[in-house]
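Starting from the given sequences, assemble the full structure and let the hints guide the process.
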Amino acid sequence: MSARLSRRTLLASTAALPTLALLGCEYDRTTADPITTVDTLDFANRLRIPPWLSLRSMPTVSASSS
Amino acid sequence: MATPTWGYTDGRSGAGYLGPTLRAARGERVRVLIENRLSEITTVHWHGMHLPAHSDGGPHQPIAAGERWQPEWSIEQPAATLWYHPHPHGETEAQTTRGLTGLFYLDDGSNSELPRRYGIDDIPIILQDRSFDSRGRFLLRDRAVTGLLGDTILVNGTYNPHLPVTTRLVRLRLLNASTARIYHLAFADEHEFAVIATDCGFLPAPKRTRRLLLSPAERAEVLVEVRPGERLVLRSVPWGLDMITPLTNGAGGNDHLDLLQLRTGPSPAPSGRVPEQLDTAPTVTLDRVVARRTFQLDGREINGQQMEMSRIDTVVGAGTTELWTIQNTHNQPHNFHIHGVAFQIVPDGATSADPGLGWKDTVLLAAGESVRLAVAFPPYRDPLTPYMYHCHLMWHEDEGMMAQFTVVDPDQVGTAPRTLDVDHDHLAAGHDHG
Chain W
1 MSARLSRRTL
11 LASTAALPTL
21 ALLGCEYDRT
31 TADPITTVDT
41 LDFANRLRIP
51 PWLSLRSMPT
61 VSASSS
Chain E
1001 MATPTWGYTD
1011 GRSGAGYLGP
1021 TLRAARGERV
1031 RVLIENRLSE
1041 ITTVHWHGMH
1051 LPAHSDGGPH
1061 QPIAAGERWQ
1071 PEWSIEQPAA
1081 TLWYHPHPHG
1091 ETEAQTTRGL
1101 TGLFYLDDGS
1111 NSELPRRYGI
1121 DDIPIILQDR
1131 SFDSRGRFLL
1141 RDRAVTGLLG
1151 DTILVNGTYN
1161 PHLPVTTRLV
1171 RLRLLNASTA
1181 RIYHLAFADE
1191 HEFAVIATDC
1201 GFLPAPKRTR
1211 RLLLSPAERA
1221 EVLVEVRPGE
1231 RLVLRSVPWG
1241 LDMITPLTNG
1251 AGGNDHLDLL
1261 QLRTGPSPAP
1271 SGRVPEQLDT
1281 APTVTLDRVV
1291 ARRTFQLDGR
1301 EINGQQMEMS
1311 RIDTVVGAGT
1321 TELWTIQNTH
1331 NQPHNFHIHG
1341 VAFQIVPDGA
1351 TSADPGLGWK
1361 DTVLLAAGES
1371 VRLAVAFPPY
1381 RDPLTPYMYH
1391 CHLMWHEDEG
1401 MMAQFTVVDP
1411 DQVGTAPRTL
1421 DVDHDHLAAG
1431 HDHG
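As you go down the protein sequences, you meet chains W and E in turn.
Mind the numbering: the first sequence is residues 1 to 66 in my numbering, read in order.
Mind the numbering: the second sequence is residues 1001 to 1434 in my numbering, read in order.
Read the hints as simulated data drawn from the structure, not as lab findings.
Just so you know, even glycine gets a beta-carbon here, dropped at the ideal spot from N, CA and C.
Treat the hints with caution; some may be incorrect.
Calculated Cβ distances over 12 Å to all of chain W for the following chain E residues [as the list claims (entries may be wrong)]:
id : residue
1  : P1161
2  : G1272
3  : T1314
4  : Q1327
5  : D1382
FRET-style restraints, in silico, Cβ to Cβ [to be verified]:
id : chain 1 : residue 1 : chain 2 : residue 2 : range
6  : E       : T1415     : W       : D33       : 50 to 60 Å
7  : E       : A1269     : W       : S66       : 34 to 44 Å
8  : W       : S66       : E       : Q1412     : 45 to 55 Å
9  : E       : L1213     : W       : D33       : 17 to 27 Å
10 : W       : D33       : E       : R1418     : 27 to 37 Å
Stretches of chain W that chain E covers, calculated by requiring three or more beta carbons in the stretch to come under 8 Å of a beta carbon on chain E [to be verified]:
id : region
11 : 33–43
12 : 46–55
Set out below in structure tokens:
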């Protein structure tokens, strides 16, 4: 399916298939088209490596916002 | 434009997004002091860890804003790549999306010939997708059938990333830390790689492949052999899972996403070869099974019920092995995670697990699919503190696709409590998603 789909058209098209249950289907994406990032990136940023921490010395780890 | 984020820090390392990679070895006693400097309740769940239920960090171990929690346990399981993330009931997706995620490596000295220099030839890879609003904030509302699907990939919190590769063999420890997106990993040039470990430990032998499906919370370790000057792009390519096209599209199953470029220098250093065999834990046989249970996933329910904190859904015997059949009767994919255990997958008709599928704690089920799991339960008895089992698509989990089990003395399975006294107000995170 290549056409852009709104939530309304998606529900309409799936509702046309009587064997399907749509329990919990709350589709809110603005488009149902597949997305692609292939060949759009130049990979300019060096991958960040998280620091590592041994648990041999009992650390204090805080959850915080920034 | 800046994005407000959440993260874990030990005060010296760790920025405002994600958290440090924690490391411990088999046999060690572990104690962590967690401080909650957020403005709402959180928890810290040690995903994949075998530990007493009171240290598990599930919804029953809330840490109120400004309070501390100090879990303690012994590492008594094989080497594996685990992780940690929040688990307050109803708020797991939002808190994880904001950045609360970290890796947890367990070491045991086995398979020491593998690349193991952290950040050099042993690389943590945390895969996430995010969308942003016009002010740069994480989008926390617009969902697909599986939950939040971002249009921007972050690897270890890095957008548009490359990894300088300095050795001929590199080990990638892959974690799908997305809340909903299923990745079907491949290199752009169909480069072959070897899977050496799944969620809870090593495979008996490397499995060479060109594709790897990884649903949220699943991990895999892979070895990639590179040539001087080579540039490899790791991608996510479409997965089908036998759903109709609108549902597949809506679940991200037809997306093509570039994730990470591996840039090999002109003279990569020799660093071993892919081994023929690996040390791993023994395979489970069904003659050890003491009970068989069936769990049906549909909508946002397990066996027709939504999560209730005061209800014990399942009671199992400490140290026993059970055969759990998980049936996805929904028209959408789900996955299934069990806290505090490792399991192996038993093919239909087989009398033992398939060791080639590895030791797992999370398994993906396509629409209509069933899977049999040989589940090895921990020795820790606690009739009043439950572990969780749930769909690890975090929106589904938050919506109630979760249930609880306790581990008790095998003689007390029939008499153990089925209800708990729960202070719901104490457990509610509640916040503004704006």
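Cross-check of the supplied hints:
Consistency note on E:P1161: stated as away from chain W, yet its beta-carbon is not over 12 Å from all of that chain's, at 4 Å minimum. Non-interface status of E:G1272 relative to chain W is upheld: no Cβ of that chain comes within 12 Å, the nearest being about 21 Å off. For E:T1314, the non-interface assignment is confirmed: its Cβ lies about 23 Å from the closest Cβ of chain W, beyond the 12 Å cut-off. For E:Q1327, the non-interface assignment is confirmed: its Cβ lies about 15 Å from the closest Cβ of chain W, beyond the 12 Å cut-off.
At roughly 23 Å, the least C-beta separation between E:D1382 and chain W is larger than 12 Å, which holds for a residue marked as non-interface. About 56 Å separates the C-beta atoms of E:T1415 and W:D33, a value consistent with the hinted range of 50 to 60 Å. For the pair E:A1269 and W:S66, the beta carbons lie near 37 Å from each other, so the given range of 34 to 44 Å is met. Checked against the hint of 45 to 55 Å, the pair W:S66 and E:Q1412 passes, with Cβ atoms roughly 47 Å apart.
For E:L1213 and W:D33, the hinted distance range of 17 to 27 Å is satisfied, since their beta carbons lie about 22 Å from each other. Between W:D33 and E:R1418, the C-beta spacing of about 48 Å breaks the proposed range 27 to 37 Å. Using a Cβ-Cβ cut-off of 8 Å, 11 residues of the region 33–43 of chain W lie near chain E, which meets the minimum of three, so the contact claim holds. Under a criterion of three residues with beta carbons nearer than 8 Å to beta carbons of chain E, the stated coverage of the region 46–55 of chain W is upheld, 10 such residues being counted.
Consistency note: the structure conflicts with the earlier hints numbered 1, 10.
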